[in-house]
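Novice: Position chain B against the provided structure of chain A, taking the given hints into account.
Below, each chain spelled out in residue letters.
Number of protein chains: 2
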Amino acid sequence: MSAIKGKNNLIGASIPRIDSPAKVTGKALYAGDIILPGMLHGKILKSTKAHAKILNIDISRALALPGVKDVIVGKDTPCIKFGNWRLFPNTQDELPLAVDKVRYIGDEIAAVAAIDPDIAEEALSLIKVEYEELPAVFSIEDALAAGAPLIHDENKELKSNISLDRKIDVGDIESAFKTADYIREDTFVVHPHSHAYMEPCATLAETDSEGRVTIYTSTQTPYIVQCLLASTLGIPENHVRVMKPAVGGGFGGKMELRKWEFCAAFMSRRTGRPVRFVLSRQEELESGRRRHGMNLKSKVGFKKDGTLVAKDFEAYLNGGAYNSMGPTATFLCGNFGAMLYRYPIYHYRGYHVYTNLPPAGAMRGFGAPQAMFISESQMNMAAIDLGIDAIDLRIKNAMVTGDKIEGVTTISSAGFVESLEKVASETKWKEKKKNLPKNKGIGIGCYSFISGGVFNWFNTQYNFSACEVRAYDDGTAHLLTMSCDIGQGSDTVLRQILAADLGLAVNMIRLTAGDTAMTPKGDLGTWGSRVTLMNGNAILDASKKIKEQLAKMVSIKFNLNVIHDVAFGDGKVFAKANPKYGMTFGEAVTLWVKANRGEELIARGVYTPRDKGLTTPAYSFGAQVAEVDVDPDTGVVTVEKITTAHDCGTVINPLGVEGQLEGAIQMGIGYTLSEQFAMKNGKTLNTTFLDYKVPSAEDMPQIVSYKVDTYEKEGPFGAKEAGEGLAIPTAPAISDAVFQATGYRCKDLPITPEKILRSKGKI
Amino acid sequence: MSAIKGKNNLIGASIPRIDSPAKVTGKALYAGDIILPGMLHGKILKSTKAHAKILNIDISRALALPGVKDVIVGKDTPCIKFGNWRLFPNTQDELPLAVDKVRYIGDEIAAVAAIDPDIAEEALSLIKVEYEELPAVFSIEDALAAGAPLIHDENKELKSNISLDRKIDVGDIESAFKTADYIREDTFVVHPHSHAYMEPCATLAETDSEGRVTIYTSTQTPYIVQCLLASTLGIPENHVRVMKPAVGGGFGGKMELRKWEFCAAFMSRRTGRPVRFVLSRQEELESGRRRHGMNLKSKVGFKKDGTLVAKDFEAYLNGGAYNSMGPTATFLCGNFGAMLYRYPIYHYRGYHVYTNLPPAGAMRGFGAPQAMFISESQMNMAAIDLGIDAIDLRIKNAMVTGDKIEGVTTISSAGFVESLEKVASETKWKEKKKNLPKNKGIGIGCYSFISGGVFNWFNTQYNFSACEVRAYDDGTAHLLTMSCDIGQGSDTVLRQILAADLGLAVNMIRLTAGDTAMTPKGDLGTWGSRVTLMNGNAILDASKKIKEQLAKMVSIKFNLNVIHDVAFGDGKVFAKANPKYGMTFGEAVTLWVKANRGEELIARGVYTPRDKGLTTPAYSFGAQVAEVDVDPDTGVVTVEKITTAHDCGTVINPLGVEGQLEGAIQMGIGYTLSEQFAMKNGKTLNTTFLDYKVPSAEDMPQIVSYKVDTYEKEGPFGAKEAGEGLAIPTAPAISDAVFQATGYRCKDLPITPEKILRSKGKI
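Chains A and B, in that order, are what the protein sequence lines are. Position 543, counted from 1, in the first sequence is what numbering that gives the first Met the number 0 calls 542; the numbers after and before it change by one each time, with no gaps. Position 361, counted from 1, in the second sequence is what numbering that gives the first Met the number 0 calls 360; the numbers after and before it change by one each time, with no gaps.
Think of the hints as simulated: they come from the structure by calculation, not from any bench. Values in this document were obtained by computation on a predicted structure and should not be read as measured data. Misleading hints may appear alongside valid ones.
If several chains are the same, the list does not tell them apart, and a pair holds so long as it fits within one copy or across any two.
To be verified - Calculated lysine to any residue pairs in the SDA-like style (CA-CA distance at most 20 Å, straight line):
{"id": "1", "residue 1": "Lys-544", "residue 2": "Asp-747"}
{"id": "2", "residue 1": "Lys-579", "residue 2": "Thr-686"}
{"id": "3", "residue 1": "Lys-746", "residue 2": "Leu-756"}
{"id": "4", "residue 1": "Lys-22", "residue 2": "Asp-207"}
{"id": "5", "residue 1": "Lys-761", "residue 2": "Met-242"}
{"id": "6", "residue 1": "Lys-712", "residue 2": "Gly-247"}
{"id": "7", "residue 1": "Lys-26", "residue 2": "Arg-211"}
{"id": "8", "residue 1": "Lys-544", "residue 2": "Ala-602"}
{"id": "9", "residue 1": "Lys-544", "residue 2": "Ala-382"}
{"id": "10", "residue 1": "Lys-679", "residue 2": "Gln-91"}
{"id": "11", "residue 1": "Lys-22", "residue 2": "Gly-210"}
{"id": "12", "residue 1": "Lys-26", "residue 2": "Gly-210"}
{"id": "13", "residue 1": "Lys-556", "residue 2": "Arg-757"}
{"id": "14", "residue 1": "Lys-298", "residue 2": "Ile-387"}
{"id": "15", "residue 1": "Lys-26", "residue 2": "Gly-271"}
{"id": "16", "residue 1": "Lys-22", "residue 2": "Met-38"}
{"id": "17", "residue 1": "Lys-155", "residue 2": "Ile-79"}
{"id": "18", "residue 1": "Lys-551", "residue 2": "Val-169"}
{"id": "19", "residue 1": "Lys-439", "residue 2": "Asp-628"}
{"id": "20", "residue 1": "Lys-556", "residue 2": "Ile-161"}
{"id": "21", "residue 1": "Lys-158", "residue 2": "Gln-91"}
{"id": "22", "residue 1": "Lys-593", "residue 2": "Asn-455"}
{"id": "23", "residue 1": "Lys-432", "residue 2": "Glu-173"}
{"id": "24", "residue 1": "Lys-432", "residue 2": "Pro-20"}
{"id": "25", "residue 1": "Lys-166", "residue 2": "Gly-742"}
Okay, chain A solo, but in the shape it has when bound (with noise of 0.2 Å):
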């Protein structure tokens, strides 16, 4: 058995995305389109203070308001803590609502279901909040200072503000530096970032007469939500049922039970109503997730040739109020600052900490972008001061496939080289940066990321990934999944994988997915890159069990010898040394069917990594160049061209990965140059596109992209991830053309005018 090659094989075709018409014709429902008779409308009372005891809250009025039907406080709730680190309870630090204390401007106090979502508002006016105000800390300068009040008192394991902190030891690390010719130290500071994905949250939910709950909610993990849930309301996890509707982008900021997501399902449980959340940019901006802002420092050697020595690299994260999924960025920060080149001894410390900003969270790259923007900024400093070009002192250290990263794993494919040598060739690399016109820049930035995270901090008792597929003798397959499609396009890829592999067109594949009741229990969501490479392996997983079945079927029909390959495509089932040995796929489902007495032909399919140790089953490369122009006058950066060179195993989708690429560009672009959270006393000052500076369509530069030829065997068909990493290159990349156009070397993201100006005494 085998998929058919050639023009049948549906791997690497760019197959438009199954999503797109409904969503350009605006069809597409969102989980605030969504309408259910007898529906309330919630909205959050959120905490103006950065740090204060609750001494009193006063819903009477509220209450008291014609059209409210329900207000609650944090003491009507069950009051039990949650948070995505289930492995480590003591890290789950949140409440559904503030109880005693609030720790960030934008804590959530109380809500309030009404039936129209003016009244709940004006509702929200209506609750007096008495606080007694505490000391606040912002910077992680004043959280770990002597004396710095101390955020999560309740929590008396903790000594400091310092969460939680990770610790990684690969040799001795001061004999090493010992060897080194040339050693540098380099401090920066990255900034928060906002997920600015184009749908803000919304949740709908319902209870039916026995008080389970069904909630339509803008997730990328519904079954993390489910488990989450059901213990904050404090029933059996399978009395809720999350469904994920069309989903407007993610990127990290959708991975946790949320606070609405709870006021939801325990006021529908309540009034026995629909109750609805829809939250509003300025909610989003103000206090929704972000990227990490950290301190980082980085001390690397190399040998004269540029051979690396040693590293010894340090991170402290400012995690906000509470610790949201900040575990994981200080173990992968750790991780992502031991990759993409060859350290034979590495240091690492990070430490997370508390602070009365909103939370920071997950956010595509999680730990990565800050890490290598330290690492690649710092290589590239280092080329210059060793007098070696920047891709050839890469390429010198650069993992190549089967490096062992001592303590993770052995790299089972890297095109990283190849990559390096795809952009230096295809932009004229050293030519170019030779002949710089004035005003103009080349720089460099490379990345490595996972397929997927092996170490489970959510203690699922089930695979890592599962799928159900149902053959039907009617020709058509139908895919159950509990993978998300948050814009990504990965329902269009895991299509392509099944079909791909029974040799159905496309459009012969139903698929259902994200819905905790009914599609198949554990997968864990869309985080970490992880959807093709794990769920395509689950499929590809029921898919065999499918074939075999069915090529039983045409070995008895055409009383085929053992020998005989069977062989899927074009919808047939066949002999693959005689294709006249054959049948429909529908007729070969229909002889199994009857084979089996009237039952129906249907395979689950699973995968959990094994044997690839605790980070991830495969890693992505790649290299990207970016060419800026800079007005010595304004001070303003224009990008005009990006080359990306990159690894991501065999592409599923080419028009997919495509997709991946410019938006990771956008976003890497804003991350450098425009977006920044403007922070007062706690506060967010600016909560709209018009001040929180997202770049646009116009904003953007010429793309050039190049693949580079690997085979991930670990990967469904061989592809690994094509999601995240490509988010990481942008900002080093940037930054080193911004250098090399005006000698400044930006250690404090983002590069403004105003710093560019400044460096040049300008103002």
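Specialist: What follows is chain B alone, placed relative to chain A:
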């Protein structure tokens, strides 16, 4: 392994209906309650002629009406005929919309989809149909008369308006009658009868970007609708998803593909928008399906002592313009003619006759109310002539457990004699009958019914019934089934069966039913009183598999010897002999998931009757006594008391059976006394519940019922049907009581005051 008896045993517990809270609070969503964005409203243009050629249809003015988005006529469709009797394709005589001719007043001709229902209605009035009228026939006599117009002249195999016949020949009838001491031959006429379900039909269809259709429809048979809709649309079966929302009654009237289902789906595919049809009560009564009117002739012979000798039964069914479920009614009418008593010799001739009336279809009892009205009336008349008490005569001839019905089956359980004895003693039958006050009457009628059908007219490839059970580590389970609760309470009973068998509380079972994309394939739906027995058996099959797996966990954990039985009860799994060797259900599932490295514990269960002949796996039995008062001046019959003793095997849910009984009596009283279609030249004149008189709560008599103790070994926990059989005995019982009170013997339903008074010469 066994379910725990005693306090944990849910079998026999009166558990309130799971759907009641939503229904009584108005929260239940029926198809007509569901709103989708951009939804269009559909209306159907129906024939005003009973029989005519369509010469031309002009839709131009309708199309031009602002707000109209689509207008279709028959020629726009793929013109694929459909019908439930897929096994015999030439019985499939309906088109989605009429093309060349119309065959009854109400035959669907065109459909409109518009932005609101009023515009759609107005558009209908703008469609101009040119007809060439043809001679029409309404009665069986006219339809079979020489020179009658052939209603389906397109079917060249038909030589008359008889679309189908059915013969049963058991024994030599001529010789048998020669041995009889007493022979009577009667001719009866029974009238059509409306299902009068509370919820008029509604369907909402939507189409995805690849042309797959989802319909939410008021149906008893999602799988049948899926298959036939797909075939009429000309698309793969699994490109159609049928979802059954709350359904407000069916009684056989919602078990086919209906024209509005096709039109909603077809126009949704054309317009790309959701399209909803909601029928009015007028439409339902004017041209909806109805129970078959029949002309019946029965010749029956007895020995002097009352022993039955032979029966020769003939039925002509007035089928209306199409076959619908008429073939099944024709078959079953013959089967039911042979039921209840030991007829050593039995002949049957059944004829399904086309007329230009609205098609008759399946309705509660499915041929039995008609067959048993004449046979039970004949028993009552014969008893008088033979001078034997009517109950004694029945007991003498009653079927008992182990009786063989020639060519059909062996009766595996029969509590008929016990039922007769019970009503006799509880009503003080003989005493009361001897001392009847003036204008009072007491009469008896009996029934037997099938617990699901075996004959596979739909030609399904799948098991007759199937389910899936998923067991979870939180101590809950999920039951997925294609069975349909249409108001009869099966969702409650099926959960009860699974909960009892797994030893869980009922509310620990999530139930998902009636969704062809999600729930197991092939269950044929709700008709023929099949759900409790067939799906109940499928559930026990799945439950057994789950229990086998969990029992292993207990055996491993506690090192149990092979002799130990493992029991399930109170949410626990334990060694029966020593319950301390046990754990919670959830803990057992957790162990299983660990043992199976993250798989889900899932089992599919199936049921298809084997070695049970072609009719049914099990028969219910029962007897009913009616007591009436007849006003001598007005002829108005008041039913004062109904006493029923019934054998439905083990009663799973007494409350549910009671509900079925009360509903059946209400329907039976309407059938006998007040409900009658007023027809004029093929047109139904009474199209509201003011004119079509369904009994109300005020018309209900005192009801007393007794359960006779039997155990049906083919049924789940010993259960048989209680849904339809109970609808049968009321008409003959009331008719007999009216005879006792007035001397008027009804052979022409309904019994009206006019008929009673005419029989007395009073008018």
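Novice: Checked against the structure, which of the hints given earlier come out wrong?
Specialist: The structure conflicts with hints 1, 2, 5, 6, 9, 10, 13, 18, 20, 23, 24 and 25, although it agrees with all the remaining ones.
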